[in-house]
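Engineer: One-letter residues, chain by chain:
Number of protein chains: 4
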Amino acid sequence: MGSQYGKIFRITTFGESHGHSVGVVIDGCPAGCRISLEHVQAWLDRRRPGQSHLTTSRQEPDQIDCLSGIEDGVALGSPITLLVKNQDHKKQDYEALAKVYRPSHADYTTESKYGVVPSSGGGRASARETIGRVAAAAIAEQVLHQMLPELQIFAWVSAVKDFEFKSEEFSDFSRASIDLSLVRCPDAESSKKMISIIEEAKSRGDSVGGQLTCCIRNAPVGLGEPVFDKLEADLAKAMMSLPASKSFEVGSGLAGTRLFGSEHNDLFVRDGDRVRTITNLSGGIQGGISNGEDIVLRIGFKPVSTIQMPQQSLSRDRETIEFTAQGRHDPCVLPRAVPMVEAMATLVILDHYLRNLGSRLR
Amino acid sequence: MGSQYGKIFRITTFGESHGHSVGVVIDGCPAGCRISLEHVQAWLDRRRPGQSHLTTSRQEPDQIDCLSGIEDGVALGSPITLLVKNQDHKKQDYEALAKVYRPSHADYTTESKYGVVPSSGGGRASARETIGRVAAAAIAEQVLHQMLPELQIFAWVSAVKDFEFKSEEFSDFSRASIDLSLVRCPDAESSKKMISIIEEAKSRGDSVGGQLTCCIRNAPVGLGEPVFDKLEADLAKAMMSLPASKSFEVGSGLAGTRLFGSEHNDLFVRDGDRVRTITNLSGGIQGGISNGEDIVLRIGFKPVSTIQMPQQSLSRDRETIEFTAQGRHDPCVLPRAVPMVEAMATLVILDHYLRNLGSRLR
Amino acid sequence: MGSQYGKIFRITTFGESHGHSVGVVIDGCPAGCRISLEHVQAWLDRRRPGQSHLTTSRQEPDQIDCLSGIEDGVALGSPITLLVKNQDHKKQDYEALAKVYRPSHADYTTESKYGVVPSSGGGRASARETIGRVAAAAIAEQVLHQMLPELQIFAWVSAVKDFEFKSEEFSDFSRASIDLSLVRCPDAESSKKMISIIEEAKSRGDSVGGQLTCCIRNAPVGLGEPVFDKLEADLAKAMMSLPASKSFEVGSGLAGTRLFGSEHNDLFVRDGDRVRTITNLSGGIQGGISNGEDIVLRIGFKPVSTIQMPQQSLSRDRETIEFTAQGRHDPCVLPRAVPMVEAMATLVILDHYLRNLGSRLR
Amino acid sequence: MGSQYGKIFRITTFGESHGHSVGVVIDGCPAGCRISLEHVQAWLDRRRPGQSHLTTSRQEPDQIDCLSGIEDGVALGSPITLLVKNQDHKKQDYEALAKVYRPSHADYTTESKYGVVPSSGGGRASARETIGRVAAAAIAEQVLHQMLPELQIFAWVSAVKDFEFKSEEFSDFSRASIDLSLVRCPDAESSKKMISIIEEAKSRGDSVGGQLTCCIRNAPVGLGEPVFDKLEADLAKAMMSLPASKSFEVGSGLAGTRLFGSEHNDLFVRDGDRVRTITNLSGGIQGGISNGEDIVLRIGFKPVSTIQMPQQSLSRDRETIEFTAQGRHDPCVLPRAVPMVEAMATLVILDHYLRNLGSRLR
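Chains as they are written, first to last, in the numbering used here: chain A, 1 to 362; chain B, 1001 to 1362; chain C, 2001 to 2362; chain D, 3001 to 3362.
For the record, the hints were derived by calculation from the structure and aren't laboratory data. You may find that some hints are simply not true.
[As the list claims (entries may be wrong)] Partial chain D-side listing against chain A, Cβ under 8 Å, derived: (1) Ser3068; (2) Gln3087; (3) Gly3123; (4) Glu3189; (5) Lys3192; (6) Ile3195; (7) Leu3259; (8) Phe3260.
[Stated by the list, open to error] Below, simulated EDC-like cross-link-like pairs (lysine to aspartate or glutamate); rule was C-alpha separation at most 16 Å, straight line: (9) C:Lys2085 / B:Asp1072; (10) A:Lys202 / A:Glu189; (11) D:Lys3085 / A:Glu168; (12) D:Lys3202 / C:Glu2263; (13) B:Lys1202 / A:Glu319; (14) B:Lys1085 / C:Glu2263.
A virtual CB, placed ideally from N, CA and C, is assigned to each residue, including glycine.
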């Protein structure tokens, strides 16, 4: 269990990092939506390794294949199956995994839970697992575009290690402008600084973490369910299900906990026909339901666990060993996490949009 | 939709804050567990309003009734229904709600989503909704106690506004010792400071927020599913579904994003028969699966939206008005959020424990 | 698990037959629907025991209470909780249940599965458990009436024991006309015959079974999902989940298996703007999806297991005993099964209607 | 929606009959089970077309590929993906489908529901869709074999058209002995008669239906949940979700509705340590829960809709036309339905077995 997401637009991802392929089946894609596989490929290209010297040198073309559910560029209403074959196996890189519990990896917990040791060590715990999510989200985005043409979802790197790029204002950010930066930070000066931090860590075989900010713009009012399936709760789950995520904030987030109520409340005002708020510390969600303002999230990612430095650990037969990782891995997950975060936000929004169709008599 | 939680130990909460009653139905409680309703009542007493001058003066005895599923103190395996009648309605307090969108409340979003205006204004968006969760968790805790007698789940207030109580070490904390403090902070000095911050805000009709830390101790290795239902992802959803929560961190959390990988990795060591880690920046979860170390969470809550100060807002017919709240409300949600956080953690752990029973051939 | 039904209009029933109360929580009722509790009461009155000498003499007023989700006769969109208190306990009737496995009852299986012996013997296995279903269906019907005003769902007794009332044509049947008959068969002559069969069995302390036919008229084209959630599959599950049901047929049913394909196919014709079929052996469903013709089901019910005749059995300590039932029970479940079958059909249709809202781009 | 089955052993089937491939993803297979793909292939060989002159001459090798979830013959606990490529497309056979609503097929309902016309006409409504189910069941059977080595599930053809093979006793039936018959009826004389009925119909381009009986032997006591998820209810849904099924009976079935209660009750007796029943009209299930006796089901299938005879119908532009099917299709679905019925029974039993693990304190 655990490889499924969504109540109506329901996806199941599959595939081991070093097996035959990784992919996804989508059950519940509305029929009649026009679907371009080129668009799916473009998302995967934003996610794939080897895009720059800041990411792992593992080379995977990550070419998408569609096995079912789409005919002549239109969704049939039946399950859509998308597949990416794994190509760049370097078996020798992973042989060591058969013998060691890598620190802060899933090797020990996977073995303990399942009683088996997959050749990739940590089983499904791999950034490669997110290919299925991103592919599904690239379909979801096309569905949303046909139902909610104004909706925009974009994320950017807002911190690398302890360097933060703060932006009160992001009305002119876009996915295209963000992607101009190797590190996916929309500010050129900050990008440079972030890149140098990553390069410095990489040069020593070390790794760094950081933070992303994600904005969901022009979501309709009314998405999210009170009680357990609040919109921010489902977004939190979605983001905390990404590999390496450690923190989640919505709206004012942690900083908001340090304000008085009189400072934190968002006052309602009329703006033509719309009800809006002067400030947006709520982050676009009130009582678990979207209010039409920007939905703003911040997600923190830890430094990548795989480092090219010697570390003490235990072998699988529980002897103390010294261990140095040999695989090719990202020194910083943040740039590639941008499309993953956008993907999860897209899946949450579409599912809640479809759930909301029957929420009232119309 | 949205009032259900859990895959196997599945609960459905119900009830409007100012209606007849609030409660919960539990489907999936293992038969044969001994269940004490006094224990449920004790949890509700920790949650209920009117416990001290730091919380709302709304007086609700919150007396639990059991309508089904338990006979002679034993769970039958059939749905358990628990009910608390609402008593302290002050209708006049809520009449104003029929006319105004309270700032940072769910009044506007509820009306927009459902097209109806419940007399409580924000419908299910109320701290009172959590009674069902806490009652269900008090059952879940008894089930867990019979399956995993070593397990402990406890939370405490670790920050009020910008005052933080930091504790590297909490091996001697317990629910009993925490409850000795009015503000549910286990440190006497810090408690005093927190109380004075809350009193000061209350005296001006204002409110404050803060942070909780929650520790899940002695959870078995192997809880949590890779990919979407990672243990921290389900915990994040559970916590972010609580009213007023704004941030979620696991293990090193936000601070961990500022470290190098070489500083952040938890090294494995042998401790008798057990595999343990020297540090615990992972917060007891690796690859989404518990590793046997303390599971440590931090949750931030915003300052309560209801303040006894005049605020500008819109009436439901969209005219600008000045509005001062008349209801009785907490100046700080943190002390009462402690049992809510413990409740959600308990529900997540039991559900994952039951899910895990079939995860491998035994 | 197992007390929940529906994906979107999701109900959870609860309550032991001889406990405090029985009832249901509905999560997912569309907000804004007008709901009359009198209508719910009227359904329960059709289901309740003691309606005539053909049913059990257990007297239960079955008075409905609504605890949440409805205000001023309108659904709020939050969970609707409906409750009926149990009143006519005759504890002595059930004391014997503590000691015996009643033949063809759930006493033995319940004890084996759960390891506990509820005072009602078979736990949730009781016709009384259906109160929650019927109450939920009476809400569902009102929702459907506001969304699909033409839809009609009605059932009648089409066989008692080996006496069959065959009706090729039932365009003039209605719930009102069917209810004119004590035995709920719309044909006066057949009713008499059925009643005499039941009376004869009852006079000897014996019981009889029979068959119901159910018609769902004016369902929209397009309900039902291909593959697992075919409309007839969900209807089959719904009907076979009713106590005492033994068989399910759709359309031509068992008789249809004896025809040639050339006899069985329903030929399409044009009828004004509509596509219709000349015959309806498909029973209104093709490929799992409704085609707009009458959906016709037949459900068989076994003779009631409780008979007032001595039977051999085993005591719970596994000694051979002779046993004669003392409780008051129906000699034939069929008349009271009519509203239960209508209830299940109503729940299936509404849930599929709501599921279908997102099935295509509109 | 609708392509998923199971709560814990959860499968999602995918693939259009005439697209790239058909297959299944299984989420929730217990780790550590030994899995042989040869066994999966053997099941598919029993299901595939072209086995004899009684079935369609469409030749599909139906070669299974495993893309994920199994390594070195052992289930990893991650999703298992199984794929069969489609090969024997005869596009010209299906071109006509673009233009006509075939009688009693899903062409009209599919178009009406989804607003699109897949090249296979009826979309997922195809016997080929069952490949995914059968492949998943072949995995499930291996899991069950390692958990419940005594369990047996086998089905046979018990009627073709109006010819019935009645068998009070089937203690010596087995899958192997049944498969000796071309028509999968374990009685040689009856087989001959059935074959001649099918041949006669085929020679005229017509088709016939019939009935299957399925026996689940040595299921443990306690499978099935009271109320909605009764074991017979889930079996009914499973069977009625198969293409062309029209009726479902459990135990005494329709015949049982014609008996008195005094004839129908199964009396309990002691058999060594076991509690058993003298008769088994209950069909191995009481109160929705298995009692350890043989679970006996009968499923009726209509005559195949595709016949090689001219029929009147409507074109998709709603003109009256005469239509004669050109594709290659089975004159009788029964022989190939045997493994499909066994597959669905296997999926239901495993899922309920896994659900039952947490049903009580152990």
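Engineer: Each hint needs a verdict: does it hold in this structure or not?
Structural biologist: Evaluated hints:
no. : hint                  : verdict
1   : Ser3068               : holds, 5 Å
2   : Gln3087               : violated, 14 Å
3   : Gly3123               : holds, 6 Å
4   : Glu3189               : violated, 43 Å
5   : Lys3192               : violated, 41 Å
6   : Ile3195               : violated, 35 Å
7   : Leu3259               : violated, 43 Å
8   : Phe3260               : violated, 46 Å
9   : C:Lys2085 / B:Asp1072 : violated, 19 Å
10  : A:Lys202 / A:Glu189   : violated, 20 Å
11  : D:Lys3085 / A:Glu168  : violated, 53 Å
12  : D:Lys3202 / C:Glu2263 : holds, 14 Å
13  : B:Lys1202 / A:Glu319  : violated, 58 Å
14  : B:Lys1085 / C:Glu2263 : violated, 62 Å
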